[in-house]
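Protein chains in written order, with full-length UniProt numbering: chain A, 1 to 308; chain B, 1 to 308.
Warning: the hint list may mix true and false statements.
Identical copies go unnamed one by one, so any copy, or any two together, can satisfy a pair.
Only pairs whose alpha carbons sit at most 30 Å apart, straight line, appear in this in silico BS3-like list of lysine-lysine [stated by the list, open to error]:
1. K116 - K189
2. K189 - K287
3. K189 - K298
4. K292 - K206
5. K200 - K298
6. K206 - K76
7. K206 - K113
8. K21 - K113
Calculated directly from the structure, the hints in this document are not laboratory data.
Number of protein chains: 2
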Amino acid sequence: MGKLLIVGSVAFDDIETPFGKSDRILGGAGTFIGLAASQFNVKSAVVSVVGGDFPQKYLDIFSDRNIDISGIEIVKDGKTFYWKGKYHNDLNSRDTLITELNTMADFNPVVPKNFKDADVVMLGNLHPDIQLGVIDQMEERPKLIIADTMNFWMDNTWDELMKVIARIDVITINDEEARQLTSEYSLVKAAAKIQEMGPKYVVIKKGEHGALLFHEDHIFFAPALPLEEVFDPTGAGDTFAGGFAGFLAESKNISFESLKNAIIHGSNLASFCVERFGTQRMETLQKAEVDKRLIQFKELTQFNIELT
Amino acid sequence: MGKLLIVGSVAFDDIETPFGKSDRILGGAGTFIGLAASQFNVKSAVVSVVGGDFPQKYLDIFSDRNIDISGIEIVKDGKTFYWKGKYHNDLNSRDTLITELNTMADFNPVVPKNFKDADVVMLGNLHPDIQLGVIDQMEERPKLIIADTMNFWMDNTWDELMKVIARIDVITINDEEARQLTSEYSLVKAAAKIQEMGPKYVVIKKGEHGALLFHEDHIFFAPALPLEEVFDPTGAGDTFAGGFAGFLAESKNISFESLKNAIIHGSNLASFCVERFGTQRMETLQKAEVDKRLIQFKELTQFNIELT
């Protein structure tokens, strides 16, 4: 069974959408990545930090899914990372109302001994120094290192971010971030420049407009499944990354064909994530539902044109 | 051989993009639709109107591609429809600087006798009364009537537009127009409402984000091909529609599977259109280039996940 190491925030989210308010619920990139990856046949661990206010029932959500939590440090007298945000009416943009880093401010990730030989490492969106620190703890070079990042680190920690980018195999960023990272408007040109910086594979997330995978001269595209209603987009990108990483850790096949399938699995899982507040939908998700929607993805995208 | 009747503007365009200025060149929805459809094995005719200032060499562009121009009225003492526009830096939006309707203001389309039994009718974006007038001239119900429209007609000629929509099989509109037409933000819900208004098939164009085909419970999606550079988006939507209609007129197969392929062919041709100013790229386009890019479309979208 493949081993997947996940590093990312485990947090409290407080979300307001046009459809309602969540109050304080389970959130964080590490959480969404872990839940998505747990849909695959992998041994996974989440490395993170929480405060003494983090309820046991939330930790149980990980354990119940065989996600190793020995790498989630609990700072008894600290408080858990808290984010409060409000989505605009079209759900495509949001305002951050409150960010309290709390224990995340001093996050010093310790990779569990048992995961220092993980096949796949998924570095959630964090300070590049933290991401580097995790790579340095690996006993052997993982088959695949995937890192997510965002514009904040480009603005504030450019040099550190460049060090991360030089050492990873796959970067996942959104379209605006790819443009910012390269000063190229064309995503084709941006992806080519990013590959020169290090990662052999570039995944550009376009939210409701799907995701692109670039590798050398190859491009693959997965749409987002058109949904009757999007309830809460929080965590969709991390769920996508978790599905992507989980599939690759299960298959241990690192080829362009395999990464294509990983993109589809990631998009498929993300389509569930947005149907309820926070992690609610991912907590109840069953394999039969996942498979059924994969068939929808096939119907959505597969065609048969014979060239004469 | 299938017969395709095209109704749409034949015009002068004057385009400015971040890459340069076109000066006065051949344009118009009927032109782009006709050029795209000429890539297929069809008998097609364009119905339109131009002024005495319209050069013979432009008419020859149609004739050279076996497009019947007996339905293009030439008003000797009139001037040809003229549009001048300037694109913003991201090419996703543009300002109209000048619109001179000229002879288009009194356009009274006359369907050539030989095309009153066309298999497929493609109604370009025009006043709904003109679109209705063409439908009324058909001697028998075409196998397929496709109509393009835009927000302007929703704002100004709602009742007439509803009459058109009730009588067509396929509507092609963009995402914002679909929302305006139905007051639904979700494109899935919007497409369902539009199907209740008449058309069995709804094609929603999302520009660089691809196109969706809706029919009953089925959804199909074709991405736009990611390009290194988009030079001039003018006519991309009409080229898409021309490829869509041309393929269906050639195949005479009106099924969801066939419409899926039509969407891909339309997207494929549109990817060429944007590579040069106006019609330039479409005028030189060869079948071998088209086929080669169809293979790229397959690589871009086709995957192989076996469900267990």
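Exercise for review: Output the numbers, in ascending order, of every earlier hint that fails for this structure.
Suggested key: Numbers 1, 6, 7, 8, in rising order.
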